[in-house]
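For reference, the chains in residue letters:
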Amino acid sequence: MLNKKIREDFPVLVNRQIIYLDSACMSLKPTPVINALNKYYTEYGSCAGRSQHRLGKETEMNFEDARNKIASFIGARSSEVIFTKNTTESINLVAHILEDTFTKDKKIVISNMEHHSAFVPFQLLSKKRKITLDFVIAKEDGTFDVKQWTDKIDKSTQLVVIHHTTNSVGTRPPLREIVKAAHDHGALVLLDGAQGIPHSEFNFKRENVDFLAFSGHKMLGPTGTGCLVAKDELVEKLPPFIVGGETIEKVTLVDTIFLKPPHKYEGGLQDYAGFVGLGAAVEYLKRIGMNNIEQHCQELTKELLNELISMDGITIYGPLDHKKRHAIITFNVQGARPHEVAIMLDDMKNIAVRSGVFCAEPAMTHLGAPQGAVRASLYLYNTKEEVEVFLDALKKIAGMYK
Amino acid sequence: MVLCIVALVIFGVLGIFSARYRQLTGEAFNCVVRKITLRPCDTKLDEKIRAKILAKVLRHSPQAASFLNKNFEVLSIVFTVIFFASLGYTIYSLYNLLVFGTCDPVTGNCVFVPPTNSVVTQIQLNGTNYTGKPPCGLEGFIEFYGAECPHCAKMKPILEKVEIETGVNFTKLEIWHNDTNRDIFLTHADSIQKDCGVLGVPTFYSVKTDRAICGEINEARLKRFILENG
Numbered sequence: 014m015l016n017k018k019i020r021e022d023f024p025v026l027v028n029r030q031i032i033y034l035d036s037a038c039m040s041l042k043p044t045p046v047i048n049a050l051n052k053y054y055t056e057y058g059s060c061a062g063r064s065q066h067r068l069g070k071e072t073e074m075n076f077e078d079a080r081n082k083i084a085s086f087i088g089a090r091s092s093e094v095i096f097t098k099n100t101t102e103s104i105n106l107v108a109h110i111l112e113d114t115f116t117k118d119k120k121i122v123i124s125n126m127e128h129h130s131a132f133v134p135f136q137l138l139s140k141k142r143k144i145t146l147d148f149v150i151a152k153e154d155g156t157f158d159v160k161q162w163t164d165k166i167d168k169s170t171q172l173v174v175i176h177h178t179t180n181s182v183g184t185r186p187p188l189r190e191i192v193k194a195a196h197d198h199g200a201l202v203l204l205d206g207a208q209g210i211p212h213s214e215f216n217f218k219r220e221n222v223d224f225l226a227f228s229g230h231k232m233l234g235p236t237g238t239g240c241l242v243a244k245d246e247l248v249e250k251l252p253p254f255i256v257g258g259e260t261i262e263k264v265t266l267v268d269t270i271f272l273k274p275p276h277k278y279e280g281g282l283q284d285y286a287g288f289v290g291l292g293a294a295v296e297y298l299k300r301i302g303m304n305n306i307e308q309h310c311q312e313l314t315k316e317l318l319n320e321l322i323s324m325d326g327i328t329i330y331g332p333l334d335h336k337k338r339h340a341i342i343t344f345n346v347q348g349a350r351p352h353e354v355a356i357m358l359d360d361m362k363n364i365a366v367r368s369g370v371f372c373a374e375p376a377m378t379h380l381g382a383p384q385g386a387v388r389a390s391l392y393l394y395n396t397k398e399e400v401e402v403f404l405d406a407l408k409k410i411a412g413m414y415k
Numbered sequence: 726m727v728l729c730i731v732a733l734v735i736f737g738v739l740g741i742f743s744a745r746y747r748q749l750t751g752e753a754f755n756c757v758v759r760k761i762t763l764r765p766c767d768t769k770l771d772e773k774i775r776a777k778i779l780a781k782v783l784r785h786s787p788q789a790a791s792f793l794n795k796n797f798e799v800l801s802i803v804f805t806v807i808f809f810a811s812l813g814y815t816i817y818s819l820y821n822l823l824v825f826g827t828c829d830p831v832t833g834n835c836v837f838v839p840p841t842n843s844v845v846t847q848i849q850l851n852g853t854n855y856t857g858k859p860p861c862g863l864e865g866f867i868e869f870y871g872a873e874c875p876h877c878a879k880m881k882p883i884l885e886k887v888e889i890e891t892g893v894n895f896t897k898l899e900i901w902h903n904d905t906n907r908d909i910f911l912t913h914a915d916s917i918q919k920d921c922g923v924l925g926v927p928t929f930y931s932v933k934t935d936r937a938i939c940g941e942i943n944e945a946r947l948k949r950f951i952l953e954n955g
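Protein chains in written order, with this note's numbering: chain L, 14 to 415; chain B, 726 to 955.
Hints in this document: simulated from the structure, not taken from any laboratory.
These numbers were taken from a predicted model, which means no experiment stands behind them.
You may find that some hints are simply not true.
Claimed, not checked - 30 Å max Cα-Cα, derived DSBU-like pairs, lysine-lysine:
1) B/K777 <-> L/K415
2) B/K760 <-> L/K415
3) L/K415 <-> B/K769
4) B/K879 <-> L/K415
5) B/K777 <-> L/K409
6) L/K143 <-> L/K98
Stated by the list, open to error - Which chain L residues stay away from chain B? Per the calculated CB distances, all over 12 Å, these:
7) P24
8) S64
9) K117
10) K119
Claimed, not checked - Here chain L is said to cover these stretches of chain B; the calculated rule only asks that three of the stretch's residues, wherever they fall, bring their Cβ under 8 Å from a Cβ of chain L:
11) 770-782
12) 914-923
The beta carbon of each residue, even a glycine, is placed where N, CA and C say it ideally should be.
Construct the complete structure from the given sequences, taking the supplied hints into account.
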């Protein structure tokens with residue numbers, strides 16, 4: 014378990030008596046991240062990439078330094094890290110820049126466990142380009158066997174869209190086997206890393222995915238920061254999407270020469286403060302150690318899940334083996350609506366959890382909770398004591414509905 | 726449905742004073758409209774209110790919370806009926822307060838008006854002290870009234886009924902236009918003021934006991950006054 018002293022780094026936890034179990038939606042921010050944002054606004058806040066004065070140069074230096082830190086954090090080259098607003102924008106960017114490459118005989122292989130952000134852009138694309146969306150349907154508990162994927166991926170597959178970790182139940186698909194099957198058939202792989210990157214060590218090069226999308230706000234970074242990590246050789250050939258300021262090398266009245274990636278895809282003035290903050294966030298995570306964070310969350314997941322299994326009146330979604338789950342436990346109190354339970358936990362013990370379908374309606378329907386569920390998600394600042402308070406409150410609520 | 730209606734009324738009133746509640750009023754309104762048109766309340770306002778109430782009870786007593794949870798619909802209907810009955814009664818009382826000067830014209834009990842002068846049309850002494858003795862020939866009970874006094878008019882049928890039922894007749898003295906009667910009234914000013922707190926009409930006075938009761942009162946109170954002072 015991680016040292017509880019790290020909680021002192023999170024002002025929200027110091028200032029508020031709260032048990033925060035909603036990190037799968039939004040993580041809390043440590044002081045170094047807040048300080049980095051403050052420093053930008055109070056000491057050098059200006060434009061990068063265009064202004065020659067010292068403030069501009071300092072902004073550019075810190076902005077690109079943040080890119081280097083983030084690239085190093087996920088084992089990619091700096092030129093492969095494209096800054097976006099969030100995972101949703103990253104995935105939409107992929108859908109748009111790949112649009113013209115699709116032909117009618119091609120298909121996209123995708124699972125029914127995806128977040129709406131990873132699913133809807135390709136649903137739209139499939140309708141527009143008249144291509145097939147071929148679904149890999151998860152097992153009852155939301156997990157997959159390799160064969161389910163290898164059966165679907167064939168020569169007509171142009172793109173495979175897959176999650177690193179589901180946001181609904183915290184399960185992980187057999188990524189390496191899926192990537193291998195896709196590449197063997199000449200297909201690209203887009204990995205939705207929104208829930209996985211904040212919790213596990215990940216190496217873009219080693220995992221060999223073609224696109225990786227993730228958000229800063231789920232990994233201690235500021236809101237409005239996200240990344241699309243895309244292989245250099247791939248995106249160099251693809252068209253730009255949002256163009257104008259920042260993306261341009263040269264413009265004449267008849268033509269435009271665009272910058273090389275990643276700047277080719279970063280249209281308009283960027284969130285310099287946000288990405289400098291994200292740079293500070295990945296430094297913080299590295300300092301704590303991603304393996305330590307993963308182990309800490311796994312231990313809490315184990316305790317939380319096992320206690321929930323033995324509690325009366327609780328329906329758990331997803332696998333009951335804690336080793337198959339990663340920091341996310343989803344459940345319902347029998348007889349209670351999910352929002353009711355969330356409000357009661359908040360009112361009774363200041364416990365923050367998420368309730369609803371978690372922007373994954375097909376997944377929640379498949380799991381047997383079309384009306385939604387309650388999700389408790391864990392992160393490095395959560396403690397065993399917090400889990401115990403949560404379980405105690407939940408026991409009382411479940412008792413009330415007996 | 727029930728919760729949404731109650732929420733609409735409460736948040737609507739609070740929304741007059743605070744913008745914070747206007748959004749909730751909108752949610753409640755939306756919820757009521759959807760329920761009336763047989764659609765689910767998409768703002769989940771009813772769920773939120775229910776959960777907040779249950780959580781507060783659960784903090785103190787799991788048994789009470791369990792009971793409340795199991796009977797929530799029935800209890801909410803009961804409380805809604807009580808709520809609307811209270812609301813109706815409040816509106817009726819406010820109407821009375823505006824029109825008659827008292828929330829309850831029958832008993833005269835009204836928190837907004839001191840009980841002693843609640844339904845009394847006051848008169849002024851103009852600084853004169855009347856210390857004379859009661860004129861001869863007046864005995865039993867007297868009603869001092871004003872010809873245009875609305876409270877006196879309301880008391881007229883009550884007094885007539887009580888007179889028939891008790892066999893006691895009040896001597897009726899108009900004091901707004903009749904100076905003689907006014908002087909008689911002022912002769913008893915000290916006693917009346919002592920019992921009623923103010924001087925005004927209608928005043929029911931017992932010559933025998935030198936006690937008075939003022940304003941619009943119900944039949945039972947008037948009978949008791951006669952019984953105690955006859």
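Starting from the hint list further up, note which numbers the structure goes against and sort them upward. 4, 12
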